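In the order they appear, the protein sequences are chains D and Z.
Each residue of the first sequence is one higher than the last, beginning at 1 in this note's numbering.
Each residue of the second sequence is one higher than the last, beginning at 1 in this note's numbering.
Hints are not guaranteed to be accurate.
What the hints assert, rightly or not - Here are the simulated distance ranges between beta carbons: (1) D:Glu21 <-> Z:Gly162: 27 to 33 Å; (2) D:Ile19 <-> Z:Glu85: 51 to 57 Å; (3) D:Asn29 <-> Z:Val158: 27 to 33 Å; (4) Z:Ala83 <-> D:Lys74: 54 to 60 Å; (5) D:Asp51 <-> Z:Thr56: 52 to 58 Å.
The set of hints was computed from the structure by calculation and includes no laboratory data.
What you are looking at is a predicted structure, and each value in this text was computed from that prediction instead of being measured.
Glycine included, C-beta positions come from ideal geometry on N, C-alpha and C.
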Amino acid sequence: MTALTILINAFENALELPISEINDSLEYNSHKKWDSTAHMILIAQLENDFDVMFDIDDIIDMSSFVKAKEILLKYDGKISF
Amino acid sequence: MSWPLTGFGVELRPITADKLEKVRNWRNHPEINQFMLDKSYISARQQQQWFQGLATKAEQVYLMIMYKGEDIGLIYASSEPNAGELAPLALAETVCPGLYIAPECKYKNSILAFSPSLVFIEYLFKQGRCNQLKAQVFKNNNSAIRYNEMLGYQQGNVDEQGLITMSLSLQHFQLAKAKLSKILRF
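Starting from the given sequences, assemble the full structure and let the hints guide the process.
Laid out in structure tokens, this is it:
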């Protein structure tokens, strides 16, 4: 499974969104299903799936699908999206 | 009590007169107002009167939520009415808290929204005789219901207005706090 597929699946599970809505335009404050609880679930899932532990500033900064990719790349230079 | 309350990256400070208009604008904003029990528009004069009365009301507390020096929302609590009377907060066994994050705030739907509640709920359980918190949430406010459940609240009855009463014990809060603390690693 590619890193992108894992990331999309994490968003799908945390935000309970269809895959068709998970793309680079997805960001919080623009989607009703992205609330603070979904954000919490998303972070827990990404840390588990990518075996990373984010700094709190990165957690709070993870405000879009694009931002999630940028932050994950900081923690694991071997992955690509 | 010495202010501010701090933890999980946020500070909770009593509202000051210079922030009254900011708070009033938040409270009158449709995003906030739609989920309030009292949806009436608050005038500047009403806000001033409310603020002047606040200093003498031991049954309520209103605190500004601050993150990195920025005002990001309001958190508050009142003792539960008992036969129409409100006991001082420190003597109340049941306390009713609430909060909102500012409508335009970039942290509104972020994980940071849990921080003020974690700090404030801990305070409410420690400050006096409180052994239970109660929150009333409209049954269509899914985000607030999910948010409260993450904090350990249990759903109760729904009244004729469509309000769900949710309650929280110290034990359930401590379990929820332990889980949330694993992610909110300040």
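Structure-based check of all given hints:
In this structure the supplied range 27 to 33 Å holds for glutamate 21 of chain D paired with glycine 162 of chain Z, their Cβ-Cβ distance being about 29 Å. Roughly 55 Å separates the CB atoms of isoleucine 19 of chain D and glutamate 85 of chain Z, a value that falls within the hinted 51 to 57 Å. At about 29 Å, the CB distance of asparagine 29 of chain D to valine 158 of chain Z agrees with the hint of 27 to 33 Å. The hinted range of 54 to 60 Å is satisfied by alanine 83 of chain Z and lysine 74 of chain D, whose Cβ atoms lie roughly 58 Å apart.
Aspartate 51 of chain D and threonine 56 of chain Z have their C-beta atoms about 55 Å apart, which keeps the hinted 52 to 58 Å range intact.
In terms of the numbered hints stated before, the structure departs from none.
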